[in-house]
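Visitor: Residues per chain, in single letters:
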Amino acid sequence: MIISELIAHLTWLAPYIGAALALLLLKIGRVRDYIAVSTLFLSAIFSTILLKEVLESHEGFLHYSYPWVKTLGINVGIYIDTLAVFMSFIVAWLCFLIGFYSLKYMEGDPGLTRYWFFFNFFTGSMLLLVLADNLILMFIGWEGTGLASYALIGHWYKDEEEKCVGDVGRTALGTSMFFTPSHSGVRALIFTRIGDVGFIIGIITLYIINGTLSIPEIAKNTEVWGEWLAVRGLLLPFLLLFSLGALAKSAQFPFHEWLVTAMTGPTSVSALIHAATMVKAGVYFMLRFAPIFYLISKLDGVHTYFTIITYIGAFTAFLMASQAIVARELKLVLAFSTASQLGYMFLGIGAAGLLEEFVEGFLASFNHLMSHAIFKASLFLAAGGIIHTVESKYLDDMGGLSKYMKVTFASTLIAALSLSGFPPLMGFWTKDTILEVVSKTGLLIPFIFGIITASITAFYSMKIVLRAFIIPPSHNVKHLIKEHKVHEAHPIMMLPYTILALTSLIVGLLWYFMAGNLNKAITKHVLGLEEVHMKFAVHIDPILTGLSVSMVLIGIGLGVIAYTGPTYAKFINESLAVNPLLKGLHNFLYNRWYINPIYYRVIVNGMRWLSRSIFKWFDTFIIDNIYHILIPKVTTLTSIQTFKVIETAGIDRGYNNLTVRITLIFSNIFRSIQTGRVNHYILIFIIGLALFLTFIWLI
Amino acid sequence: MIVLDTPLLFSTILVPFIFSLIMPFLDKRVSVKTIAIISTLTLLYSLAVITSLILRYGLNEGIVDPIHFRHALIGSLTMLLDSLSGPIAFSIALVTSFVAIFSLPYMKHRFEEMEKEGTHPPSWGIYYMLYVMFSAAMLGTTLSTNLIQFYIFLELTLIPSFLLIAFYGYGDRVRIAIMYLIWTHVGALLFLLGVVAIGFTTKVFDILNVGTLKFNMGIGEGLKDLTIPVAIALMIGLFVKMAIFGVHIWLPYAHAEAPTPVSALLSPNLIGIGGYALIRIVYILFPNTFSKASPYLIALALITIIYGGLMALAQDDFKRLLAYSSISQMGYILLGIASLTFFGIAGAILHYVTHAVGKAVLFMVAGTIIVQAHGLRSISKMGGFATAMPITASLALIGFMHITGLPPTLGLWSEVLIIWGAIGKIITSSLLTLLIFIAGLTIGIGISTAYAFLTMKRIFFGHVSEGHVKVTEGKWEILIPIIIIGVVGLILFFYPSLFIDPFRNFYESLRA
Amino acid sequence: MMLTAGMFLSISFIMLAIGIYGIVSRRNMVRMLLSAEVIFNAALLTLLILSSIPIHAATQPDKPAIGGAIALLAIGIAAAEIGVAISIAILLFQIKQHVDVYELRKFRG
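Chains as they are written, first to last, in numbering that gives the first Met the number 0: chain A, 0 to 698; chain B, 0 to 511; chain C, 0 to 108.
Do not rely on the hints blindly, as some may be mistaken.
[Stated by the list, open to error] List of simulated lysine-lysine pairs, DSS-like, C-alpha gap at most 27 Å:
(1) K615/A / K380/B
(2) K474/B / K26/A
(3) K380/B / K157/A
(4) K519/A / K103/A
(5) K474/B / K157/A
(6) K69/A / K474/B
[What the hints assert, rightly or not] To give an idea of the chain A side of the interface with chain B (calculated C-beta under 10 Å), a few residues:
(7) P423
(8) I450
(9) K523
(10) L581
(11) L584
(12) F587
(13) S612
If you are wondering where the hints come from, they were derived from the structure by calculation, not from laboratory data.
From the three backbone atoms N, C-alpha and C, an ideal C-beta is built for every residue, glycine too.
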């Protein structure tokens, strides 16, 4: 028991230990790197052991807890149900593979200690987030991933030009569309932090109603707190607020902008955080809590909530895919693609809440999460290799690499096809299930968005493959070929993404047979998910599948024509340059629907203007002046006036002049008696005597 | 309550105070380093006493000194270390001792600067005397159990800090020092008015009844007609000290132009004492009135948070930015206090510790930059420092993480608890109030994160272009105090129950 | 007509008035001394008159004549005192060559 508890806790703790060790060993370069990666490996192994344990256990979950802050009821506890264990399995292995990749990719980077520290810190936080049994612990993991993400996005903080996103000096609507790493780090943090406020408020609300932070207990108590909120009409606001963190973390509209500029980080970071794991945290949040919300779906507001999620997911998918069409940087295409696919996942889980059989959507979303993590990580890692070889981030500078980087080409092709949803790769199955689920909800617009996006996805996936590998080499590549610099990536780098691409291929091939068991295992015990009595086997709806496959083929076809057909390519390029409508459309998409400039103009510049003007007019002009100039002036004036009028004129004169003069008058009177003549003195003496005697006589 | 055998708590104040008095005489006779070491040791003594008391007895029941001075009119003066004052006293002792070490290299630089200007500031001995007195007096306010005692120590903090700014500060230091003096003195006087009103009506100045070792709760309510005016006077007086919006304008001047070690004391420690006093004095003596005022205080707190943050965004001077940030953080503390829930008040106290650690680190980072870049305070002239000063950059990050509440710093706990308390209070009001509050809170937290990390970026990241100043990393003697304080903040993240758990008892006893 | 005491008293009052007038309004010290003498005699007369009025026992025929005894004493003292005063005046005249009191104001030693 102790061992299993230790293993369970070590799954998330080992990476943290690795982070600390990386700091301590900062002097010994390679040892530090290997130790960091080995803790990731340990974590992956442990997660596998946990997977086995949970699947074999009777109840389907494990729960370990260690007291931490008693009065708040917060323990260091982990609740490992099948959802959590599968998620942590994926996360841990991906983190390890990407860490392994980084050994070679980040070689020679001056900030390696920082890199490994935050890389491991991130992994630990992500696992903590997934495994936590109480909300505050989950929040701690959540914030930890945010911090690590900030640090890793801004890893190359010196802001060298080639590390930035966007074209130098480009502006849209008056705001710069050129983003440095340090700037992007701040953007990521702020966007996600705003969502986090909603998250923490949601957590606190749940605590207040339930008196506990423990997720299993809250799940048990769902009816009660759902009722409490619904009665006050707070249920929908609460649900939206609570999910705000998830929406921000997973770069859904309107929080999607940070993910785009997050590409300033090293490619391994992009693979890890922005494709495979961190952005999935939001989806994981939905997967964890949507079943619980579904339990109270009869209450007012829950249905609306799920509908909203569905629409947001669908729109984001479309929005981001449209921007991928015109992107010029390889990593940007992949970034847009990630956000778009995340939109699919949200679409899936949102639709799940609207269905009779919640589990279908749940599984669709989770399966797509898994498959996307695998093929997107593969794509990103391969992209890292390509960018490294070609020494440029732009697709324009690539081309014709298929001859020189055969393995990478094969791997990228498989992963890209998986992304497009080309059968029988894994991506096809998972995307298909999502579309099926959406069609079952009967909502037309999300479905249309989903279908169109599938086509666009295929288009831009082909774009990547074609422009990087197939089309004739660009000037840049020709130049590099002459210098014999174009070669296959190093094996250490190649291994992870090849493994991942192969996984996507093999699992896809076997999907029809193994999906049923897989799904059954996943839903063995998930909090809030009631006993499911449906068959898990895969079934293909011919119409739907046919529709989606045809969309995919259309997309692929368009891509091939656009990029390889010479006449058509030239035709497109020319009309883009000339035709104002096309040009406008191109700019619109290239500038990311002007959403970023709008944010900057309204919020950032607005805040800046607000802060500067309030500082200038209110703080400095009014408050500062009132206290420090007005009041002293008034006081000085009053004091001078009072001094003049009362003190000087009245009191001073009164005491010092008047009294003196009166005294002088009297004294003059009395002085006049002293004449110096004896006779007068005698007279006065006699008068005085007479008066005295009269006085005596009277009495 | 636990009554000690020896008056250890008095000694934490007396020992530094007595040593401080001999400092000026040591001036020419011993080296500056010795003076610095003596000062640090006396303050470390206080830290050691407080920490060992906390660890040995825990803060559950409260620790009282055995001796108390009785006076017929004033009441009994003794010292109390309980779950409320413990964290505060700990932070004060921690920050003051390590900033004393930091003062040595910094003031060396400052003295050189002043010599170049041609002014001859008073000597090192005076500096350390004033510094240690200031620290001891702050400790005294925290441990007080009597209103007059509290007021005396409060005024005792005033004179040394005023002199420190006047002698060693920047810019128009004498005028700013006088401004600081008048402002805080006016605040303290308002407070005194309230105190005197209470004392003469109820004949009791004690917060803690020494005989029964129980708090004199609610005696302020017995003032009938005077209750509300007196409570308001007390609150406004404390708001001035805390630099809440409306009466905040002295703080940017004072904290920016004070010598940086003094800023590192003023900002984190001194203004938070206002918050502590709000709980210790105003809430204990006026529980009902305070509860009634709670919604207004929450609104005021939100305004302060947003306003402070907004003003911080507009600053170019690094120290001024930190000063406005302090105003914003005081808003958070007020928010926690005003919520009058266990979580909120625990969060407020914890936030005091967080802010003490975080802001001390940040001011010391500012000081390091000033020393290394020869007086540079303007952010627009900074940039790309992280390459040359990696340790300083990491420390700045830790500082900013504290005040924005990111794990693994103590800031996460304090921020979560404050929001916890506030929501707990507000959730029962109307939907509109709730939405406005949430919107305000979101904006506030967003702005806090924004100015913190934007400043981090502007100073440390980006290009190191030719126009920017060249810097080198600070020496160990200037960095070690910062590292130690930062590490304490990180350690406390794992062990917040040290301060949170005992508070439960205290809170329950207040509600009873 | 009856010789009332009042008539005698009025005589002495007239003498007093004359004396006072003299002492107050004369410049010559000798004349002032003469007037002082007149005042003295007026006072003496008043004393004798009052002592001979049969009011109290002291003025009964077989009682000792206090009034007269005092008068005699007073005459003797006055004589001595006038002698001193005239001597002062003569000495003063020898020094200053005049006895004008209006001029004699500053004495030294």
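Visitor: State for each hint whether it applies.
Guide: Right, here's what the structure says about each hint:
no.	hint	in the structure
1	K615/A / K380/B	holds, 21 Å
2	K474/B / K26/A	holds, 19 Å
3	K380/B / K157/A	holds, 16 Å
4	K519/A / K103/A	violated, 39 Å
5	K474/B / K157/A	holds, 23 Å
6	K69/A / K474/B	violated, 42 Å
7	P423	violated, 44 Å
8	I450	violated, 36 Å
9	K523	violated, 32 Å
10	L581	violated, 37 Å
11	L584	violated, 33 Å
12	F587	violated, 28 Å
13	S612	holds, 9 Å
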